[in-house]
Amino acid sequence: NAGVMQNPRHLVRRRGQEARLRCSPMKGHSHVYWYRQLPEEGLKFMVYLQKENIIDESGMPKERFSAEFPKEGPSILRIQQVVRGDSAAYFCASSLLGRQETQYFGPGTRLLVL
Amino acid sequence: KQEVTQIPAALSVPEGENLVLNCSFTDSAIYNLQWFRQDPGKGLTSLLLIQSSQREQTSGRLNASLDKSSGRSTLYIAASQPGDSATYLCAVSRTGTASKLTFGTGTRLQVTL
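Residue numbers (our numbering), protein chains in the order written: chain A, 110 to 223; chain B, 8 to 120.
Next up, chain A with everything else stripped away, as it sits in the complex:
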């Protein structure tokens, strides 16, 4: 059973460009979470999604950030008009409701905004 996959692992963007981060959950998992780890800071929750639904986006910045988890395909975290402060590691996790709710994390995408 493959783990949580994220791509790309590293992404470089110039200010004003768009960044798209992808996350494929573990097989059979229908719950996806996105977290952000800013340099020298802890992980902060951004958004929690189920298939085709956003359940909790309380940690998501109000502007420029959006997330989706379509019926088919990976979850996408989209950052429009990136700024230097968006440089961080973005981690995706997935879980299987009904089990112990352990969240399994992907390797992360490291975004660098020049």
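What the hints contain is simulated information worked out from the structure, not anything from laboratory work.
Each hint should be verified, as a subset may be incorrect.
To be verified - The list that follows gives simulated cross-link-like pairs (lysine-lysine, DSSO-like), each with its CA atoms no further than 30 Å apart:
id : chain 1 : residue 1 : chain 2 : residue 2
1  : A       : 171       : A       : 153
2  : B       : 75        : A       : 171
3  : B       : 8         : A       : 136
4  : B       : 49        : A       : 136
5  : B       : 8         : A       : 171
6  : A       : 136       : A       : 153
7  : A       : 160       : A       : 180
8  : B       : 75        : A       : 180
9  : B       : 49        : A       : 160
10 : B       : 49        : A       : 171
Unchecked claim - Computed footprint of chain B on chain A, listed as stretches where at least three residues anywhere in the stretch have a Cβ under 8 Å from a Cβ of chain B:
id : segment
11 : 121 to 135
12 : 148 to 154
13 : 211 to 217
Using N, Cα and C, we set each Cβ at its ideal position, and we do this for glycine too.
Since chain A is already given, all that's left is putting chain B on it; use the hints.
This is chain B only, laid out in the frame that chain A set:
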């Protein structure tokens, strides 16, 4: 608002020592608590998960305890090895369904030869 704190922020010990990492949280209404390790430039690996109704969990040389009433958890590592060097994170979830984790600040562990 839940706040999670880990002490110490960094720790260096010689190989073979037993050690304890501490985690405290301000809101005792948690559903579970997880301990993770994070290696530099890598993702998180789940080590142990303790449900709120449990007092401890063990896996190999690791033992995690939970005291909800005092808002504390400890991770005990026996007979430390250089391969244990990593950052250790604790995280709590609040509600009864799969939900967001609130992470601590982490303890950076270095085990020296």
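Status of the hints after comparison with the structure:
A distance of roughly 15 Å separates the Cα atoms of residue 171(A) and residue 153(A); the hinted pair therefore holds under the 30 Å criterion. Distance hint between residue 75(B) and residue 171(A) is unfulfilled; the C-alpha atoms sit about 34 Å from each other, more than 30 Å. The straight-line distance between the Cα atoms of residue 8(B) and residue 136(A) is roughly 33 Å, outside the 30 Å bound, and the hint therefore fails. With a CA separation close to 21 Å, the supplied pair residue 49(B) and residue 136(A) stays within the 30 Å bound.
The suggested pairing of residue 8(B) with residue 171(A) holds, with an alpha-carbon distance near 19 Å, which does not exceed 30 Å. A hinted pair counts as satisfied when its Cα atoms are at most 30 Å apart, and residue 136(A) with residue 153(A) qualifies at roughly 25 Å. At roughly 6 Å between alpha-carbon atoms, residue 160(A) and residue 180(A) fall within 30 Å of each other, so this suggested pair holds. Taken as a hint, the residue 75(B) and residue 180(A) pair is broken in the structure, with Cα atoms around 38 Å apart against an allowance of 30 Å.
Between the alpha carbons of residue 49(B) and residue 160(A) the distance comes to roughly 27 Å, so the proposed pair stays at or under 30 Å and holds. Proximity of residue 49(B) to residue 171(A) is assessed by CA-CA distance (about 28 Å); at most 30 Å being required, the pair is judged to hold. Closer than 8 Å: that is the beta-carbon criterion, and the segment 121 to 135 of chain A has 0 residues meeting it against chain B, so the requirement of 3 is violated. Evaluation of the coverage hint for the segment 148 to 154 of chain A: fulfilled, as 4 residues show C-beta separations to chain B shorter than 8 Å, against a requirement of three.
Counting residues of the segment 211 to 217 of chain A whose CB lies closer than 8 Å to any CB of chain B gives 7, which reaches the minimum of 3, so the coverage claim holds.
Of the numbered hints listed earlier, those contradicted by the structure are 2, 3, 8, 11.
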